[in-house]
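Participant: 26 is the number that the UniProt record's numbering gives to position 26 of the sequence shown; each next residue is one higher, with no gaps.
Everything labelled a hint here was simulated from the structure, so no lab data went into it. Since we're looking at a predicted model, the values are computed, not measured. You may find that some hints are simply not true.
[Said to hold, decoys possible] Listed next, with one range per pair, are the computed distances between beta-carbon atoms:
| hint | residue 1 | residue 2 | range |
| --- | --- | --- | --- |
| 1 | Val22 | Asp168 | 28 to 36 Å |
| 2 | Phe133 | Glu76 | 33 to 41 Å |
| 3 | Arg130 | Lys93 | 31 to 39 Å |
| 4 | Arg77 | Arg130 | 16 to 24 Å |
| 5 | Pro141 | Ala181 | 15 to 23 Å |
C-beta atoms are modelled at their ideal positions from N, C-alpha and C, and glycine is treated no differently.
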Amino acid sequence: MRNSLLLEPDYVDFVRLNGYLVREKGIRERERTAPERLRAQHEKGMMVFRPLITFGCDVRRGHPLGCAVLWETADERFLEVGTVWTHVSYRRKGIQVHMVDELLELDAAQGKNLFAISSERSFGEIVQERGFFRATLENVPHLEGLADSIGLPRGRIPSSVYRPSSADVVEGERTFYLRFAPP
């Protein structure tokens with residue numbers, strides 16, 4: 001047990017976090033969220049991580065409370081806001097909002113075009129309140145070319161981009177959100 005209140009995450013924290021992400025998000029996240037990759041993103045200043053801290057005789061770490069990660073893409077002008085996750089016991093308490101705010105304030109996010117793909121309407125509302133918009137071929141005609149330039153496989157492009165931007169977001173349907181950096 002550590003007695004430090006600085007609470008920088010250690011390797012065990014990233015192993016625990018990976019376990020939660022794999023269980024909740026499925027097997028496709030396993031490689032992307034490997035503990036080594038999560039630690040590397042944190043060390044590069046591209047991750048917000050919150051361990052749950054319990055106080056008693058010692059300060060102890062419990063399970064991870066949440067995380068939000070910026071992922072590099074093939075185009076250095078773009079970063080993906082991804083792996084935004086909150087432990088099930090703490091959802092709907094504003095933690096995700098605070099983590100997204102912190103993530104967008106990181107130096108790594110400054111001056112970058114950002115995108116996010118999510119099937120959660122509540123997450124879409126969070127990023128739209130922070131300057132993102134729902135991207136479709138109607139409002140971003142070069143969206144497929146943009147997806148190619150950032151290295152986004154065609155299978156990850158949500159089918160919602162082919163519908164009019166005025167159409168309602170459907171809960172559970174993957175949606176592409178985009179925020180261009182100021183010129």
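Participant: State for each hint whether it applies.
Facilitator: Each hint, compared with the structure:
no.	hint	verdict
1	Val22 - Asp168: 28 to 36 Å	holds (32 Å)
2	Phe133 - Glu76: 33 to 41 Å	violated (22 Å)
3	Arg130 - Lys93: 31 to 39 Å	violated (18 Å)
4	Arg77 - Arg130: 16 to 24 Å	holds (19 Å)
5	Pro141 - Ala181: 15 to 23 Å	holds (19 Å)
Consistency with the previously given hints fails for numbers 2 and 3, ordered from lowest to highest.
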